[in-house]
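Line by line, the protein sequences give chains A and B. According to this note's numbering, the first sequence holds residues 28 to 393 in order. According to this note's numbering, the second sequence holds residues -15 to 296 in order.
Bear in mind the hints are in silico, worked out from the structure with no lab data behind them. Ideal Cβ positions, reconstructed from N, Cα and C, are used throughout, including at glycine. Just to be clear, a hint being listed does not mean it is correct.
Chain B regions said to be covered by chain A (calculated; three or more residues, Cβ under 8 Å) [as the list claims (entries may be wrong)]:
id, stretch
1, 84 to 97
2, 228 to 236
3, 267 to 277
Now the in silico label distances, taken between C-beta atoms and shown as ranges [claimed, not checked]:
id, chain 1, residue 1, chain 2, residue 2, range
4, B, Lys188, A, Leu360, 23 to 29 Å
5, B, Gly137, A, Arg171, 39 to 45 Å
6, B, Leu77, A, Arg57, 52 to 58 Å
7, A, Asp261, B, Val262, 38 to 44 Å
8, B, Leu45, A, Ser87, 42 to 48 Å
9, A, Gly174, B, Gly185, 28 to 34 Å
Here are some chain B residues the structure puts well away from chain A; computed CB gaps all over 12 Å [said to hold, decoys possible]:
id, residue
10, Thr(-6)
11, Leu60
12, Thr165
Take a look at the letters that make up each chain.
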Amino acid sequence: MSTGERLQAIDLRRVRAVSGMRRWWSRLPRGTRFAVLAVVAVLLYLLPVLNPPIITTPDSDFATVLFTVTTYCLAALGLNVVVGMAGLLDLGYVGFYAVGAYSVAMFASPSSSIATKYPWLVCVPIAIALSMIAGAILGGPTLRLRGDYLAIVTLGFGEIVRLSAVNSPGLGAAAGITSIPHPPGALNGQPIFSVLDAKPYYWLGLTLVFVVVALVRNIENSRVGRSWLAIREDEDAAELMGVPTFKFKLWAFAIGAAVGGLSGAMFAGKQGFVSPDSFPVLTSVLFLAAVVVGGAGNRLGVIVGAIAVAYLPERFRGFQNSRYMIFGLALILMSIFRPQGLIPNRRREVELADRKLDEVGVEVNA
Amino acid sequence: MKFLIDNFWTLTSTGLTQGAIYALIALGYTLVYGVLQLINFAHSEVFMVGSFFAMWTLNALASHEGHAGALLIIGLLVLAGIAAMIGSGITALFVEFIAYRPLRRRNAPRLVFLISAIGASIAISEAFGIFISRNILPVPQLVQPKVVLTLFGSQIYNMQVIIVAASIVMMVGLDQFIRRTRLGRGVRAVAQDQDTAALMGVNKDRVIALTFLLGGLMAGGAALLYTQQFGLTRFNVGFLLGIKAFTAAVLGGIGNLRGALLGGLVLGLAENYGSALVGSQWRDVVAFVLLIVILMFRPTGILGESLGKARA
Chain A
28 MSTGERLQAI DLRRVRAVSG MRRWWSRLPR GTRFAVLAVV AVLLYLLPVL
78 NPPIITTPDS DFATVLFTVT TYCLAALGLN VVVGMAGLLD LGYVGFYAVG
128 AYSVAMFASP SSSIATKYPW LVCVPIAIAL SMIAGAILGG PTLRLRGDYL
178 AIVTLGFGEI VRLSAVNSPG LGAAAGITSI PHPPGALNGQ PIFSVLDAKP
228 YYWLGLTLVF VVVALVRNIE NSRVGRSWLA IREDEDAAEL MGVPTFKFKL
278 WAFAIGAAVG GLSGAMFAGK QGFVSPDSFP VLTSVLFLAA VVVGGAGNRL
328 GVIVGAIAVA YLPERFRGFQ NSRYMIFGLA LILMSIFRPQ GLIPNRRREV
378 ELADRKLDEV GVEVNA
Chain B
-15 MKFLIDNFWT LTSTGLTQGA IYALIALGYT LVYGVLQLIN FAHSEVFMVG
35 SFFAMWTLNA LASHEGHAGA LLIIGLLVLA GIAAMIGSGI TALFVEFIAY
85 RPLRRRNAPR LVFLISAIGA SIAISEAFGI FISRNILPVP QLVQPKVVLT
135 LFGSQIYNMQ VIIVAASIVM MVGLDQFIRR TRLGRGVRAV AQDQDTAALM
185 GVNKDRVIAL TFLLGGLMAG GAALLYTQQF GLTRFNVGFL LGIKAFTAAV
235 LGGIGNLRGA LLGGLVLGLA ENYGSALVGS QWRDVVAFVL LIVILMFRPT
285 GILGESLGKA RA
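Just chain B, with the same shape it has in the complex:
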């Protein structure tokens, strides 16, 4: 308890940083769930592929580090981010084409979608393990850790600010895209009622592919931020992170974009406070117990499900 009180603000800032990454990944789950009412189990691998793309880009370009200027670092980060987004986006589309579309054509039962997605997840992750490496791979961290401000006696690092800011920018962008653009309207229409939307001239398959792509782009952004924060990646890095992100999505109310943000931040904070209270080895247990408790009292998550509804 004393530890929690003494380090409250530090725990808060690291929790928010972690939560922002959860939230970005959670968006992918929530988008697909909102439109298809299916868990995209392979989304963890979408994230993983993104982190590998970020690693390759940075390895190729940032070999001579040390005296890089701020502008160069930003340029490299943007480049790596774009590469990660491309990698994740392609993977997400690949999953949709291989594991979802053929099943939709055949009107398969819901449980089977889950199995094919699990299959895709295992296959992608193992393929990376076999053909690339099973080891933990280091990723160059471009941003030199620096304390940018001290708040209530806790030090806040530049990377934390970057992660939270970048996530919020991406999420606001996505939210506006879904709310204001023509394509976004299509996504909401399909989320409300697939058949009616199709009758009104919405190309259902294209909208679903777009949904997967959007989730992939967010996961790509999360992948870059993750590699910059932790400086490593691995073929199975997506697994636990994926479960956590899904937990975040459910916490906030799956299918609800703002719920994903809220759920991610709540989960990140709760994990940090909880592990300060009962020991950091119980961190993941705290997250899952929190999930069970919240779902007991609020079975549709904090904000409720609503990609199709006016609120989203």
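Here chain A stands alone, though its shape is the one from the complex:
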């Protein structure tokens, strides 16, 4: 037995265990399930306070890392709508993240060129709306393209957004925009959100992750979600069955972009400044990696993926120099041994099994 086969055998056992656990979980009484989820949620909220010894990051502030993880989770959830559910390959997702962050910066910061100085809370809906519009603007002309063409066009879009920020004095050019206000709120005369303590940001981020998960879950189970699924599986068949594919693809883009914009708005509110350097193409690639590594189409999966992508490099900052190299190698290994992602979408898993059957069939016929 070669190493690869042995690994696959181990993997098969793991897959069985996971599906067994799923069954066990769905058979628990509703009340018990709810209680368990509540405990998990409370534990998640307490994470930065507890600072658990192995999980905590020795080389950087744990709460800040956790906050970064939540922004990645949001972005991965948004990208999952586009890539995992509708099956559209988007390599320029950081563009929407940037639009969200820049919207907040432009409308909130006194040092921006328009300097409307709206509070952060007002800017968030603006950011979401503008990213949504950006999604529609990108999607409108390009969604007729398929697969890899769409990938390269979106990649170009991400670069266009970044380069436009670099080259527009109105957007702060290469230096970016500073003094963006933090989210509002005060406790005993002290602002809750400050530069000193990252914990409140994490709590806000975590709450938003829960909200977005609930929203996305509802969309997924709606008519829109089923249309996305149909488009992902076979666009032509879906169109023939009367699904207005273009319309729903555009919706996938807009909704995905809106979540990305929200993530960017969070980032800007915490960071206090934005500059084009924060939005390189590599970030798009990291978001996509989070979705694919976690398991495209599965909400829990992409969250796990986002944690892996955002948290692991911070946890192992000791390897600071080589962490991206290790990350690259990990992506290759993941693709070879776990192409369906860490926690795959159930339907996708069945698809993969089907493909294997097909393959065996071909061999038998030959």
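Following the hints, put chain B in place on chain A, whose structure we already have.
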């Protein structure tokens, strides 16, 4: 506008030079796409490794420059070119063996190939950054810049002529190789229909490896020309150039060898004219906007996709 008109011919010649380099790199994308229908995201690193091999060769051999004869310079360039091609070729094969072949064996979904290629790209580029250098590295430029002819008042340098000529020679060579040789027929057969080709006795894996190798060789040639034109390289030099080259491949019609040439030249020219019109800092934006506009009206590129078809 006035700037564009005044410098039209200069912009044209530099645009064609740049476009020729794009086109050579674009061939690698187009070959792999034509055969596998997959974007080889790691091709930018294939180019990068080639440029490092060219740099090492030239650093080792061309230390005492100054009064080198023309013959010696040509010899050194050929040597460096061969080294760059070897480096790029090996890297391309390495990518195929590590990031593509195991996935093909497992019948992985298409998206996963993209992820493994991205992984390979990050790993290779970072490995060079860690183990060699993260700085911009100078590469000796052997050819002394000299104006060889003046056309419509614009000066054309010897290096520009060399780059365009060398690229065209390489591309014609590749085109003929694919069209006329036995191995080339194999490549076209696999591009048309992998399974049928395999049933007809074509060794699929060997043909795919050959495709990667051919793309690598072209990227190696491009790497040498690039280092000679700009005199530098870096561990992440492939990134933007790779995106541009891929853009060129898509512009011309991916999977189509002549499309890659056309796309590269069009992109090089458009970038130059565009940046003359709206400012050179918008250069890359011009390239991507052009891509989006062309794909809107002609979704399969200027010449259409067709490595397998008779035209290629």
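Results of checking the hints against the structure:
no., hint, in the structure
1, 84 to 97, "holds (count 10)"
2, 228 to 236, "holds (count 3)"
3, 267 to 277, "holds (count 7)"
4, B/Lys188 <-> A/Leu360: 23 to 29 Å, "holds (24 Å)"
5, B/Gly137 <-> A/Arg171: 39 to 45 Å, "holds (44 Å)"
6, B/Leu77 <-> A/Arg57: 52 to 58 Å, "holds (56 Å)"
7, A/Asp261 <-> B/Val262: 38 to 44 Å, "holds (42 Å)"
8, B/Leu45 <-> A/Ser87: 42 to 48 Å, "holds (46 Å)"
9, A/Gly174 <-> B/Gly185: 28 to 34 Å, "holds (30 Å)"
10, Thr(-6), "holds (23 Å)"
11, Leu60, "holds (33 Å)"
12, Thr165, "holds (28 Å)"
Violation of the numbered hints given earlier is absent; every hint is satisfied by the structure.
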